[in-house]
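Colleague: Sequence:
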Amino acid sequence: MKILSNHPTEVLILFFLIVTFVQSGIDKAIDWKGNVEFIKSHFKNSPLKNSVPLLLAIILVIEICAGILMTVGVYQIYTSGNKEIALLGVVLSAIALIFLLIGQRLAKDYAGAMSLAVYFIITILGVYLLNS
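Start counting the sequence shown at 1; every next residue gets the next number (the numbering used here).
By construction, these hints were calculated from the structure, which means they are not laboratory data. On a predicted model such as this, the values are computed, not experimentally measured, just so you know. Among the hints, erroneous ones may be present.
[Stated by the list, open to error] In silico lysine to any residue, SDA-like type, Cα no more than 25 Å apart, as pairs:
(1) LYS40 with GLY112
(2) LYS33 with ILE98
(3) LYS49 with ILE68
(4) LYS44 with GLY112
(5) LYS83 with ASN131
(6) LYS108 with HIS42
(7) LYS108 with LEU55
(8) LYS44 with ILE68
(9) LYS108 with VAL72
(10) LYS40 with ASN131
(11) LYS108 with PHE15
(12) LYS83 with SER132
(13) LYS40 with PHE15
(14) LYS108 with HIS7
(15) LYS49 with PHE15
(16) LYS44 with LYS83
(17) LYS28 with PRO8
(18) LYS28 with HIS7
(19) LYS40 with GLN76
(20) LYS40 with GLN104
(21) LYS33 with VAL72
(22) LYS33 with PHE15
(23) LYS44 with VAL19
(24) LYS40 with LYS83
(25) LYS49 with LEU60
(26) LYS49 with ILE62
(27) LYS49 with SER132
(28) LYS49 with ASN131
(29) LYS28 with THR71
(30) LYS40 with PHE16
(31) LYS40 with ARG105
(32) LYS83 with ILE102
(33) LYS49 with VAL72
(34) LYS83 with VAL72
(35) LYS49 with ASP27
(36) LYS28 with LYS83
(37) LYS49 with THR71
(38) LYS28 with LEU116
(39) LYS44 with CYS65
(40) LYS83 with HIS7
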């Protein structure tokens, strides 16, 4: 597999993030009502409680756009070696994670916020590798 021999770390990070964000976006779209209810209960004591559907829609759009950009980016890396589109997708992933972190902190879900750190570290490593 030429793609893995030329850019193995970048492509594996992209695959990881594609699976993460596309699956998350698809889950939100398929079970919109269940996700809104769950997140409303999660944020019931936070300033975000009345904005859950709008904020969830924003996260959904960002996740799907990031997944599409990263998928196109993998193809672009394979065909031309260019990394710009993949980098844009990974940066969008980082922005989504920062938004999620803000939400977890406002909901006082510190364990949930901490679990996002693993994804953020992988994402920032992807930004670094795709930017060099």
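Colleague: It remains to establish, for every hint, whether it holds in the given structure.
Modeller: Hints, verified against the model:
1. LYS40 with GLY112: holds, 16 Å
2. LYS33 with ILE98: Holds, at about 24 Å.
3. LYS49 with ILE68: Roughly 29 Å between the alpha carbons, so the hint for LYS49 and ILE68 is violated.
4. LYS44 with GLY112: holds, 16 Å
5. LYS83 with ASN131: At roughly 8 Å apart (the allowed maximum being 25 Å), ASN131 and LYS83 satisfy the hint.
6. LYS108 with HIS42: holds, 10 Å
7. LYS108 with LEU55: Distance of about 17 Å is within 25 Å: holds.
8. LYS44 with ILE68: violated, 32 Å
9. LYS108 with VAL72: Measuring from Cα to Cα gives roughly 36 Å; hence the hint is violated.
10. LYS40 with ASN131: violated, 37 Å
11. LYS108 with PHE15: violated, 31 Å
12. LYS83 with SER132: holds, 9 Å
13. LYS40 with PHE15: This hinted pair is violated, its Cα atoms lying about 31 Å apart.
14. LYS108 with HIS7: violated, 39 Å
15. LYS49 with PHE15: violated, 33 Å
16. LYS44 with LYS83: violated, 41 Å
17. LYS28 with PRO8: Not OK: LYS28 and PRO8 at ~30 Å, beyond 25 Å, violated.
18. LYS28 with HIS7: Violated - the C-alpha atoms of HIS7 and LYS28 are around 31 Å apart, more than 25 Å.
19. LYS40 with GLN76: Cα-Cα ~39 Å, so violated.
20. LYS40 with GLN104: holds, 12 Å
21. LYS33 with VAL72: violated, 30 Å
22. LYS33 with PHE15: Violated: LYS33 and PHE15 sit about 28 Å apart, past 25 Å.
23. LYS44 with VAL19: The hint is violated at about 29 Å.
24. LYS40 with LYS83: Status violated; Cα separation ~38 Å.
25. LYS49 with LEU60: Answer holds: LYS49 to LEU60 is near 17 Å, not above 25 Å.
26. LYS49 with ILE62: holds, 20 Å
27. LYS49 with SER132: violated, 41 Å
28. LYS49 with ASN131: violated, 37 Å
29. LYS28 with THR71: With a Cα-Cα distance of about 19 Å, the restraint between LYS28 and THR71 holds, given a limit of 25 Å.
30. LYS40 with PHE16: Violated - the C-alpha atoms of PHE16 and LYS40 are around 28 Å apart, more than 25 Å.
31. LYS40 with ARG105: holds, 15 Å
32. LYS83 with ILE102: violated, 29 Å
33. LYS49 with VAL72: Since the Cα atoms of LYS49 and VAL72 sit roughly 35 Å apart, the hinted pair is violated (cutoff 25 Å).
34. LYS83 with VAL72: holds, 10 Å
35. LYS49 with ASP27: Distance ~21 Å between LYS49 and ASP27 Cα, so the pair holds.
36. LYS28 with LYS83: Given that 25 Å is the threshold and the Cα spacing comes to 28 Å, the pair is violated.
37. LYS49 with THR71: violated, 33 Å
38. LYS28 with LEU116: Status holds; Cα separation ~18 Å.
39. LYS44 with CYS65: violated, 28 Å
40. LYS83 with HIS7: holds, 10 Å
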